[in-house]
Every structure is written in C-alpha cells, then in structure tokens.
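These protein sequences, in sequence, are chains Y and V.
Be aware that the first sequence starts at 1, since it is given in the UniProt record's numbering, and climbs by one per residue.
Be aware that the second sequence starts at 1, since it is given in the UniProt record's numbering, and climbs by one per residue.
Calculated directly from the structure, the hints in this document are not laboratory data.
Hints should not be assumed to be uniformly reliable.
[As the list claims (entries may be wrong)] One side of the interface only, derived from the structure: several residues of chain V facing chain Y at Cβ under 7 Å: (1) F37; (2) I81; (3) F123.
[Said to hold, decoys possible] Some, not all, of what chain Y presents toward chain V, calculated at C-beta under 8 Å: (4) H32; (5) D33; (6) R34; (7) F55; (8) I74; (9) V76.
Ideal Cβ positions, reconstructed from N, Cα and C, are used throughout, including at glycine.
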Amino acid sequence: MQRKFDKRLILSSVLILIAIPLTIAFGVVFLHDRKYYFISIAILIYTMLPFLLVFEQRGPRAREIILVCSLSAIAVIGRAAFFMLPHFKPVAAIVIISAVCLGPESGFLVGALSGFVSNFFYGQGPWTPWQMFSFGIIGFWAGVLHRKGILKLRKLDLCVFGGLSTFLIYGGLMNFDSVLMFSSTINKDLLLAAYLSGIPFDLVHAASTVLFLFFIEEPMIEKITRIRVKYGLINESELLKDS
Amino acid sequence: MWAVTGMFQKNSPDAFSSYHPVILFLYFCVVLFFTMFFLHPVLLAISFCSVFLYSVQLNGRKAIRFNIFCMLPVTVIVSLINPLFSHAGVTILFYLNENPVTLESIAFGIVSGGAFITVIIAFSCFNKILTSDKLMYLFGRLIPVLSLMFSMTLRFVPRYKAQIKKIANAQLCIGMDASHGNLLQRVKNGIQILSILITWALENAIETADSMKARGFGLKGRTSFSVFSWKRRDKTLLATEAALLFALLLGLGLGKFESVYFPAIRIAWPEGKSAAFYLAYALFCLLPIIVNRRENIVWNKLKSPD
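Based on the provided sequences and hints, a complete structural model is requested.
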C-alpha cells in the first residue's frame, strides 16, 4: 500500500513540478494570444490524471469497477432521457449520490466517465475535458464532504449541495471555458458578460439537479447500500485493508 | 459511391478510416492542435477548407447544410462578441458608447470564430472516424482498467435501454405501464420502471463482476485481442505523417507560424521559402482526402471492364 501511494505522489509531483511549468513556458513562447486557452486545457488534463490513475494502481477489482461503470451508464441514460429539455440533466445528481455512497474517488470517476461517454452520443468537442472535470470534481467534493461528516445523508443537505455545486462548480467552469475559447485575454467585462449570460442555463441545470436529488436520493442510496451490504462491499476503508 | 465502399470493410466510412488507429489519432491531434491554439489566418484557412471538404466527403450534403445553417450564425456572433468586450489593441477604428473598438480585436474575433467552426467540423469527422473501439484499442494498453471501464459503460447504455423496454412490457401486462392512467399515475409508473431498472443494473453489475473474476480477470499474463495490425500501407502513411509533422515543428520553432494580435497585429505571412512550411501543413490536412482519392483511382483501375 505504501509503495502504491508513493507512485501516485511521484506522478503528482512530476506533473506539478515539471509538466505544468513546461506547458506554461511552451504556451507563452509559441502561442501568444492563445496561451490561456492552451495552458488551461493542459492543466485541467494533468489534474485529472492522478484521480483517474487511482483505479489503475489499485489493480483491477472487478466489483467496484463494474459498479462505477453501471452508475455512469445510468447517468448517461438519464441525460439521454431528458435530451429534449436543454440543460435539464440528472448527471450531477447521480454523480453526487454515487460519491456519497462509494467515496470521493469513485465519485470523481463516475462524473468523468459519464461526461466522456455521454458525449459519444451528443458529440465530442473541446468542451469534453471541461465537462469531465466539472462533473468529476462535483463528485469528488461530495465524497470528501460526506466523509468529513459535513454533507449528511439528508434530503436537505444533498439538495443544497447539489444545487450549489452545479451552479457554482459546473456553471463556473463551463462559462470560464467559453470565455477562454473566444477571447485572447481575460478581463472583468468579458467574465461578467459570460457569467451573466450563463445564469439562466446554470439555473435550469442547478434546479434539475435539486429536483432529481429530491426525488431519487432516497431510493437510490437505499439500492446502492443494499447492494453493498448484500455483497459485502461494506465501506471503502475496509476494502483498502484487504487489497 | 459504391466504388469507394467496395474496397474496404463495410463498417468503415471511407478509405482513410480503414488505416491503423494510431495514424488517425495523430492526424486529428495535429489538426486540432494547430487550429485551436494558433489562430494564424493562413493555417486556419487551410484547416477549415480541408476539414470542410472531408466532412462533406464523410457526411454528404447533410454536412454542407449543417455547416452553413448552424455554424455560420455562431461564427458571426462569436466574431462580434470579442470587439465588444475586448478593447485591447492600438488601432482604434471608432468609439461605441465611449468604448474604443479596435481593428485588432475585430481581427481576433473573426479568427477565433473561424477556429471555433473549424474545431466543431473537425470533431464531427473525429466522431465518425475514431469510433469507440479504436479509442479503446489506443488506450487499452496504456490505461487498461480505465479503458475497460470506458468500454463497459459504453456497452451498458444500449443494454439498459433494451432492459427498460423489457421492464416496461412486463409492467404493461399488469397495467402499470407509463401509458396508463392519468398524468400522475403515468409519472409514478415511469419512476417505478426506472427504479426496477436501477435495482436490476446494480445487481447485474455485481454478477458481471463475479463472472469476470471467475474467468481470471486481472491475472497476470493475459493478452488482449485486437483487429488492428500494422500493414505496409500503414507504415508508409505514418512515415509521411511523421515527416510532415517534423516540418511543421521546424516551422513552429523557426517562428514561421507566428501570429500575434495584441497589442498590434503581427503575422508571419508565407513568403519565399517559408511557403514550404504552409505547403507541408496543407498536405497534412489534406491527407484523408488524398488517401480517399488515391484509393478511388486504384479501385477503378483494378475493376475489370464489364
């Protein structure tokens, strides 16, 4: 276990100490007006790597892996079911529920996977890494806050967290992405305009997350818990001990 | 058109896509990189024309309609946004509500709009050419667990859709289908169907996992099957790509693709010898079209005259 942890630490330090400075240098020297866009996408991808590689290093543990896959698939199906209502998607709700049940790392993966896979049905684009990261980090925070005891398994807590995180994290990151895509610099006016014009869409998205959490939180957590009790996937710290 | 499709497997949309996935992936990486991050008007014009031609080759008339009616308005709006909010630049054209509108920000708006439409069209080709099985092959060895998860999630989606139909049919037998009763009853029935699906999906996930474990999932020394192999034509095309890429990186290093918009426009135009670098980029972008054209000619030559 100790050795595996070190590997991840090494990867993170290589990324932070070598890859990120090199990327910034490359962007500044060669890409002039496009440097913010390039550097931000690259750093986003570097940040995702340690999260994603957790599963790579833990080795293949079939049950946990397939559980994450099937939750992601449910999120993708949910997004497909509501495709006629733009920005009304249950993905964030399902990601948050998965995260509180399975832990922050699985939560991140459910988010990133459902972002990536659903774009195979909606079309990939330069927004894919941003969506993957946004959904992923919502899942990660839900898991962390739940583990710390701040986010309790109560309808009110989950709905408040869901609404806020969708509006602030997802909306915040995606609006920022659209600024970077079309502009050479980042200034106050531009950011303000992008965020203001994004508010209606982000509100719809946040409202849909709250609505879905309100209705599916209880039955879904119950189902996941039932599976974990039935098949002995009691909690993650115990799982880590026997790996 | 049948002459083109006759040459290769039925499931590949054109000749270029029947090449090795590494070649296809490299092509899209380079084209997207130079389009998204460079904003050089000449490079942009080259990549726009190439991906436009290629998308028409792949998707037919539908692509032309989509590119013109959906993408043109977006590009125009994007081109207008930048000068309204960005007042950087030294050449002031006029004042709008006491805010200066500069030549530089208008130029930047136009090229970034052009880059946006080009990237969208390039991704529409990407989606058609680099199908999920090819991506799975590319990353399968590098990140085996993650690519497995990716492919399983992708497979679960149609599987769950089929299961929803089965559940809905079973519920229909007892009059609990989503088309029965008043609106409230229907919604309740719909939720019931979803609830059954989720229980089934989770239970099924564990069963799948146990079955995988029973078959030795994760043990050492297992090999994976792939349908892709390196043929001579793949090696030739990869060498071509590598040579052109080398030229492009050389041009990049020598500052031949420089394009700066702020504070004043400074663009390295192709002149004299540096035009060769732009030619290399054009060749690179047109690779799929060249490959398809060549395949067509060869096939027509080979066809027996009847």
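Hints, one by one, checked against the model:
1. F37: Where the cut-off is 7 Å and the nearest Cβ of chain Y is about 5 Å from F37/V, the hint holds.
2. I81: holds, 6 Å
3. F123: holds, 5 Å
4. H32: holds, 5 Å
5. D33: holds, 5 Å
6. R34: This hint holds: R34/Y lies near chain V, its Cβ roughly 5 Å from the closest one there, short of 8 Å.
7. F55: holds, 5 Å
8. I74: holds, 6 Å
9. V76: holds, 5 Å
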